[in-house]
Amino acid sequence: MELILFKVGLVVVLFLISLLIAAYSTYAERKVAAFMQDRIGPNRAGPIGILQPLADGLKMFMKEDIIPQNANRFLFILGPAISMATALMTSAVIPWGPDLNLFGTTVSLQVADINIGILYIMGVLSLGVYGIMIGGWASNNKYSILGSIRASTQMISYELAMGMSIVAVIMTTGSLSISQMVSSQEGSFGMGWNVFYQPLGFLIFLVCAFAETNRTPFDLPECETELVGGYHTEYSSMKLGFYLFSEYVNMFISSAIIASLFFGGYNFPYMQVVQENTSQILFAVICTGVFLAKILFFVFFFMWVRWTIPRFRFDQLMDLGWKVLLPLSILNMLITGFFILLNN
Amino acid sequence: MQSLTNRSKVVSNKTMSWSERIYLPAILAGLRITLAHFFKKKVTIQYPEQTKDHGPYFRGVHVLKRDDQGRENCTACGLCALSCPAEAITMVAAERKPGEEHLYREEKYAIEYEINMLRCIFCGFCEEACPKDAIYLTDLLPTSNYTRKKFVYTKDMLLEGIAPEDRRDVSKRRKGIREGAM
Ligand code: SF4
Ligand code: SF4
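So the protein sequences, as listed, match chains S and P.
Using our numbering, the first residue of the first sequence is number 40, and each one after it goes up by one.
Using our numbering, the first residue of the second sequence is number 174, and each one after it goes up by one.
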């Protein structure tokens with residue numbers, strides 16, 4: 040019973056944190072963009088514009104909600120709902136901190152420590168493409184359908200390479216559970232991060248994560264110059280808000296996955312020393328803080344790249360996915376296998 | 174032919190080297206540049222609170238001047254309206270009555286004087302045409318408004334006040350480029 044209450048509490052907290060971080064990512068994105076262009080960015084709503092996400096949200100709610108006459112009403116509403124739901128679902132299997140000993144029971148700071156965590160994430164991520172596909176299809180608009188076709192092609196192509204690069208990590212860890220992947224990186228004074236053992240795998244995963252979240256340089260599905268708004272051309276009001284918002288939630292979750300698969304999750308250097316000298320709760324808080332810092336760095340990295348690199352052309356995107364990343368990830372897998380054999 | 178700058182690059186279709194083809198060094202260089210800009214000094218001017226300094230040639234909203242004794246300079250000769258390429262200026266002339274000498278410098282004055290800021294192209298011909306030093310362009314910008322009607326600036330909006338603190342300083346004003354050239 041207590042366990043269920045704890046988990047429900049964790050779910051609610053996670054939900055709120057994801058939304059909060061996503062909301063402030065939109066603010067951060069605008070600030071980062073501005074700073075990289077030698078500007079100041081939004082600074083009128085509250086001190087240094089800190090209330091900007093609220094103002095944006097309010098604006099979205101106040102807008103007229105238009106459903107085009109020839110659109111399929113049901114699917115049109117379903118699209119953004121699926122996008123948002125799948126974006127939020129992935130946070131369930133991410134271990135946010137080490138296990139806690141509370142009131143005599145061991146509880147983990149993870150909603151569900153399912154033993155196929157990484158498969159679950161891949162599955163839910165690929166469900167996300169339905170949100171975009173259905174939304175674009177239901178809009179009954181050429182731009183939307185082109186945008187959603189691009190999105191689905193891109194996501195399907197890059198999922199392959201992404202999966203392959205994860206397989207290498209699974210081989211070294213010997214487990215599909217994310218919490219085990221994270222705890223296996225504890226070695227070498229908390230610096231046994233996978234990125235040092237799998238640099239190529241990390242690079243492939245990073246590129247694929249950009250493509251999966253439809254971020255620049257792979258933001259072809261919403262390429263304004265060719266496709267007006269891409270798959271959300273016909274959307275307005277909070278439905279549009281959901282699409283835009285789910286992109287930021289996705290970005291947050293992708294950063295969390297990168298951080299936990301390749302950058303040791305909540306592990307940090309000399310953490311055994313810290314663990315021995317602090318109380319358990321404080322240690323958990325520190326670990327979660329370290330994890331969040333890693334995630335926020337990657338969120339920043341997503342934005343940093345967005346304001347640096349121009350967009351790919353569609354054929355270049357496909358070339359990169361099928362002819363470069365996929366063979367490379369298979370090669371990476373083979374090399375990993377070879378070294379594992381050698382160690383045995 | 175000799176090029177004017179040394180910035181041009183000779184285009185070549187050479188095949189890319191391996192490091193260029195994997196694209197990553199270029200990306201890293203790009204990331205370094207944007208990060209450097211991240212910490213650079215920002216160039217934004219926070220407009221309503223801060224304003225940019227305008228040069229003496231800047232042409233903004235007009236002011237109708239008075240002389241030292243507070244009398245209106247304008248004599249409603251209509252030369253400004255005549256010179257205006259956008260036909261933004263209209264006026265109605267009136268004759269000065271006895272006892273109004275402290276208000277108007279000449280025997281004839283403009284009882285109504287309007288400039289349509291939506292028509293005006295801020296060329297400054299009006300101030301150059303004026304024989305009485307009555308109209309000047311200032312560095313004020315016309316404010317935004319909800320109706321077209323509000324952009325027609327009437328005489329009471331254009332005329333400077335009599336009190337010394339209501340006077341508009343135009344001593345630094347330089348009219349037109351031509352004046353300097355001649
Ligand atoms: S500035 Fe030019 S356009 Fe404007 S009122 Fe004077 S003459 Fe006309
Ligand atoms: S402002 Fe100058 S040019 Fe225009 S009517 Fe008055 S005196 Fe004449």
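For the record, the hints were derived by calculation from the structure and aren't laboratory data.
Do not take every clue at face value.
Below 16 Å or equal to it, Euclidean Cα-Cα: the simulated EDC-like pairs (lysine to aspartate or glutamate) are [said to hold, decoys possible]:
| # | chain 1 | residue 1 | chain 2 | residue 2 |
| --- | --- | --- | --- | --- |
| 1 | P | K215 | S | D152 |
| 2 | S | K46 | S | E198 |
| 3 | P | K328 | P | E285 |
| 4 | P | K214 | S | D77 |
Quick look at which bits of chain P chain S covers, simulated, 3 or more residues with Cβ under 8 Å [unchecked claim]:
| # | segment |
| --- | --- |
| 5 | 224 to 234 |
| 6 | 310 to 317 |
Just so we're clear, the structure is a prediction, and the values are computed from it rather than from any experiment.
We put the beta carbon where it would ideally sit given N, CA and C, even for glycine.
Output the indices of the hints that this structure fails to meet, ascending. 1, 2, 5, 6
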